[in-house]
Amino acid sequence: MKKIITTISISMLVLMLAACNSSNKKSTEDDIPKMLEVVLEVPHTADVKEEIPLKATVTQGDEKVSDADEVVFEVWEDGKKDDSEMIDAVNNNDGTYEAKKAFDHDGIFTVQVHVTARGIHTMPKEAVTVGKGATEEHAHDDHGDHEHGDDKDHGHHSEDFSMHFIKPDSIEKGKETEFVVHLQDHNEPLEKARVRYEIWNDDISDKHDWVDASETTAGEYLGKHTFSDAGIYTIKIHVQNDEGLHEHKDYELEVK
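Sequence positions in the sequence shown follow mature numbering (1 follows the signal peptide of the UniProt record, and there is no 0) and run -18 to -1, 1 to 238.
Hints may contain errors.
Said to hold, decoys possible - Derived DSS-like pairs (lysine-lysine); straight-line CA-CA distance at most 25 Å:
#1 Lys231 to Lys63
#2 Lys189 to Lys63
#3 Lys114 to Lys62
#4 Lys114 to Lys46
#5 Lys149 to Lys114
#6 Lys149 to Lys83
#7 Lys107 to Lys157
Claimed, not checked - DEER-style ranges, computed between Cβ atoms:
#8 Lys238 to His87: 21 to 31 Å
#9 Glu32 to Met68: 43 to 53 Å
#10 Asp211 to Lys149: 12 to 22 Å
#11 Pro25 to Lys189: 40 to 50 Å
The set of hints was computed from the structure by calculation and includes no laboratory data. Beta carbons are placed, not taken as given, at the ideal position from N, Cα and C, and that holds for glycine.
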């Protein structure tokens, strides 16, 4: 009788441990956030001066994401990324975000949507051919755009590279400010890049401050800096990796 009781007790203990492990495993799986999915819808062709719809549908698993922190459409002509236009999206509160855009001349343009929601950032893009597309003159100009300014550094530039700098709403002197940039290459987060923020104000000093950024999540890089003086500063974001990529872009900051 004692043996039977012991056997039953051991069996119950094994079943309880198995149930506990199963529960812990399920809990762990539930804790892993689902991927953020963004479907960008834009017409592949458009007439000059025709207003076209830009639409992004944001979901996470089976849920429609209607509470995105930021949805912005970025539009630029091929070879002229530095002259891109940012268009804020209208939230339809049903997981879709929309805007409109008209183009004033022929060309090939890229529309990229930057979506930040629930701690995740993604930025898919699509091409739009306007009118007759790229003219011979524009094609020549676009080719020349790759040799601009101080791009004489060693390394190459990628047409599939994207940079989205989240400019702080306000910056106060004497207070530490966080800078976050999201990087993407070939529609995937650019991981393990070397990212540095170069910061200066020629009216205050000839000195340029350098801030090394660390990768906090895939494709997201964080750096911190404290400004000692108020004024208008330039921040240049430098991006390099072991594959020879070298990109950089300037932004203007106001410190109060």
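Verification of the hints:
| no. | hint | in the structure |
| --- | --- | --- |
| 1 | Lys231 to Lys63 | 10 Å, holds |
| 2 | Lys189 to Lys63 | 28 Å, violated |
| 3 | Lys114 to Lys62 | 18 Å, holds |
| 4 | Lys114 to Lys46 | 37 Å, violated |
| 5 | Lys149 to Lys114 | 36 Å, violated |
| 6 | Lys149 to Lys83 | 23 Å, holds |
| 7 | Lys107 to Lys157 | 36 Å, violated |
| 8 | Lys238 to His87: 21 to 31 Å | 39 Å, violated |
| 9 | Glu32 to Met68: 43 to 53 Å | 21 Å, violated |
| 10 | Asp211 to Lys149: 12 to 22 Å | 19 Å, holds |
| 11 | Pro25 to Lys189: 40 to 50 Å | 49 Å, holds |
Checked against the numbered hints given earlier, this structure breaks hints 2, 4, 5, 7, 8, 9; the rest are met.
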